[in-house]
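Colleague: Sequence:
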Amino acid sequence: MEIGNDYTGIIHSASTSGGHVRKMMERSPENDTINSDNNEDVTLTRKKRKTSTETKLYAANTTAPGFRQEIALKHGKKARAIGVKLSEILVSEAGKKKISQATLKDFQTVKDEYQDLVDELILENALLLGRLWEARAAEEAKEMEINQKRANIKSISATTQLINADRNLDDDMNNTQVSKNRRRKNALKHKKQVRIQQDQVEGIAEEEATTDYNTDGDFTVVRKKRKKNKKTTNVTSDVTSGGETDASSNRRTQKQARINKINELKNTEPQKVFTVEVKNNDVDVTRKNIWADIVKKTGAPKIARSAVTQKGESTIINIIPADNDTYQALKSITEERPDVQLKPSKWPMVMIYDVDKDLTPDEISHNVIAQNTSLGNVLPERATVLLKPLFKRGPRDRETVWWVCEVRPDIHAKLLIAGRIYIGMSNCRVAEYFDFQQCFTCLKYGHREIFCKETTMTCTHCGNKGHKDTACNKKEEPPKCANCGGKHVAHSKLCRERRKAIDNAVRRTDYKDPTCQD
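As numbered in full-length UniProt numbering, residues 1 to 518 make up the sequence shown, in order.
Think of the hints as simulated: they come from the structure by calculation, not from any bench.
Ideal Cβ placement from N, Cα and C applies to all residues, glycine included.
Some hints here could point you the wrong way.
As a list, the in silico BS3-like pairs of lysine-lysine whose alpha-carbon atoms are at most 27 Å apart [as the list claims (entries may be wrong)]: (1) K185 - K149; (2) K149 - K192; (3) K444 - K493; (4) K500 - K468; (5) K266 - K154; (6) K414 - K453; (7) K500 - K266; (8) K474 - K444; (9) K480 - K512; (10) K255 - K480; (11) K512 - K346; (12) K444 - K480; (13) K357 - K343; (14) K465 - K487; (15) K346 - K493; (16) K414 - K512; (17) K255 - K512; (18) K331 - K357; (19) K272 - K191.
Quick list of simulated restraints, FRET-style, between CB atoms [what the hints assert, rightly or not]: (20) E143 - M425: 47 to 53 Å; (21) T334 - K512: 21 to 27 Å; (22) D282 - R251: 34 to 40 Å; (23) K255 - I163: 24 to 30 Å; (24) S157 - L129: 49 to 55 Å; (25) N377 - L342: 30 to 36 Å; (26) S248 - D282: 54 to 60 Å; (27) S155 - L416: 46 to 52 Å; (28) S248 - S155: 55 to 61 Å; (29) T455 - N260: 30 to 36 Å.
Please put together the full structure from these sequences, using the hints given.
Modeller: Written out as structure tokens, the structure reads:
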């Protein structure tokens, strides 16, 4: 055995393509003759070894894995015998300068025997590994069974306590009136505690008993089922009769109230806005003139709101009438003065998510009308009129984008009911979009930053002026809204001012356009 260990490096060189034997053969003048004589023997030996290996692999696949001691001992004996044989060959050739053909064949034979032995050891190792995995899976299953039995024992114990509590309650009912009332109260309290404990124990037992075993490939994966929320009765006052907390109930109530308010605003007549073009940039003179014309038409005009806005290089006065008489007066003035116009009502908008970025606005309009028959029978040439992609929102570095589109009121309602539509080779989600503006400088609603009069930034986190949220030194403190003072950031959906801006956008939108029919 010592000789075999000393020649381990030589064995490795003999079994590789760039080893000691190959170098000696390259120096030998009989290299070509030896190679040609050995080709058939080497090929035949390899075919036999391949056939033997395939037979053993088939046997391993059809045999239950397990540790077989006699096979391991047999492999050990083979390894020692091959080592002795190789030592004899090396000792006999130690004094020679060139290797003979017979010695080369012996080396090749030893190499093949070693290869066969390695294949057998790999097979045995695979069998042992499979047995190990089976043992681990069985151990986990056994452990889960033990835990389930423990949970059952706890459940039985809790049930026994509950029965004893009922029995004690019946015994106490036979006492005097004062004792009966006092003990009955204590028994009911104890019975309630026992019932709560029993529900908890049953929940743990259910969670442990519903564990699934799923084998993916060669490994056992344990997945635990999610515990179902049980409705608890007769508990403290901060939980409602349906098993939900007051906080979640209030949130649901507030959300529903918000939806009801939006729907109510949609059913009202949209605000009518008249625009008056200011001439010579003299706003005061224009105001006086239009006011005089309105007073001539109606004795008691009512103006809900008037504001001066900039549209390009022109200055515009927006007037919103508060009653029908003032509206009719302004409408008649539009027929007399070309600088006074009735601003057309806006159509509602939707956000279409995950649209292919290569599609043009016209392609989007035509695809929506053509691919979604639930929207009704619409002429293809009217697609760009009924659905107008206006601008993009969301991330810009992806293969898909989000499009904000203005749509006809009846198409708008059908899109919201559908929830998803087909555009090209995509199935896109649709959600309602409210057209309101928030300034990124002062964080107020109703205008954009290009028309903002403030010169310093306002922080969206703390609400103070002079810095952005990225440079805020109060990030560890709760946020404070710059608009309403609430404990949220300035662009939060919880902000009261944001909700007011949405309400105003809904008032300006026409959800019941009388010109909806083609």
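Colleague: Taking the hints in turn, state whether each one holds.
Modeller: We went through each hint and held it up to the structure:
A threshold of 27 Å between alpha carbons decides the hint, and for K185 with K149 the separation of about 34 Å lies outside it, so the pair is violated. A C-alpha spacing of about 25 Å is found between K149 and K192, which places the hinted pair at or below 27 Å, so the restraint holds. Between K444 and K493 the CA atoms are separated by roughly 14 Å; this keeps the pair inside 27 Å, and the hint holds. For the hint pairing K500 with K468, the CA-to-CA distance comes to about 25 Å; that is within 27 Å, so the pair holds.
Of the supplied pair hints, the one linking K266 and K154 is violated, its CA atoms being roughly 58 Å apart against a limit of 27 Å. As the CA atoms of K414 and K453 are separated by approximately 41 Å, the hinted pair breaks the 27 Å bound. Straight-line distance between C-alpha atoms of K500 and K266 comes to about 14 Å, which keeps the hinted pair within the 27 Å bound. At most 27 Å may separate the alpha-carbon atoms for a hinted pair to count; K474 and K444 meet this at roughly 21 Å.
Restraint check for K480 and K512: the C-alpha separation of about 39 Å exceeds 27 Å, so the hint is violated. Distance check on the hinted pair: K255 and K480 sit about 22 Å apart at the alpha-carbon level, within 27 Å; holds. A threshold of 27 Å between alpha carbons decides the hint, and for K512 with K346 the separation of about 11 Å falls inside it, so the pair holds. Restraint check for K444 and K480: satisfied, since their Cα atoms lie roughly 14 Å apart, inside the 27 Å limit.
A hinted pair counts as satisfied when its Cα atoms are at most 27 Å apart, and K357 with K343 does not qualify at roughly 33 Å. Restraint check: the Cα-Cα separation between K465 and K487 comes to about 17 Å, which is no more than 27 Å; the hinted pair holds. As the CA atoms of K346 and K493 are separated by approximately 23 Å, the hinted pair is consistent with the 27 Å bound. A hinted pair counts as satisfied when its Cα atoms are at most 27 Å apart, and K414 with K512 qualifies at roughly 13 Å.
Among the hinted pairs, K255 with K512 is consistent with the structure: their alpha-carbon atoms are about 24 Å apart, no more than 27 Å. Simply put, K331 and K357 have alpha-carbon atoms about 43 Å apart, too far for the 27 Å limit, and the pair is violated. Our distance criterion of 27 Å between C-alpha atoms is broken by K272 and K191, whose separation comes to about 67 Å. Here the CB-CB span from E143 to M425 is close to 50 Å, well matched to the stated 47 to 53 Å.
With their beta carbons about 22 Å apart, T334 and K512 fall inside the hinted range of 21 to 27 Å. The hinted range of 34 to 40 Å is not satisfied by D282 and R251, whose Cβ atoms lie roughly 52 Å apart. Range check, K255 to I163: Cβ separation about 45 Å, and the 24 to 30 Å hint is violated. A beta carbon spacing of about 43 Å between S157 and L129 contradicts the range 49 to 55 Å that was offered as a hint.
Between N377 and L342 the beta carbons are some 31 Å apart, a value that agrees with the proposed interval 30 to 36 Å. For the pair S248 and D282, the beta carbons lie near 58 Å from each other, so the given range of 54 to 60 Å is met. Judged by the Cβ atoms, the range 46 to 52 Å given for S155 and L416 holds: they are separated by roughly 49 Å. In this structure the supplied range 55 to 61 Å is violated for S248 paired with S155, their Cβ-Cβ distance being about 29 Å.
The beta-carbon spacing between T455 and N260, approximately 41 Å, falls outside the hinted interval of 30 to 36 Å.
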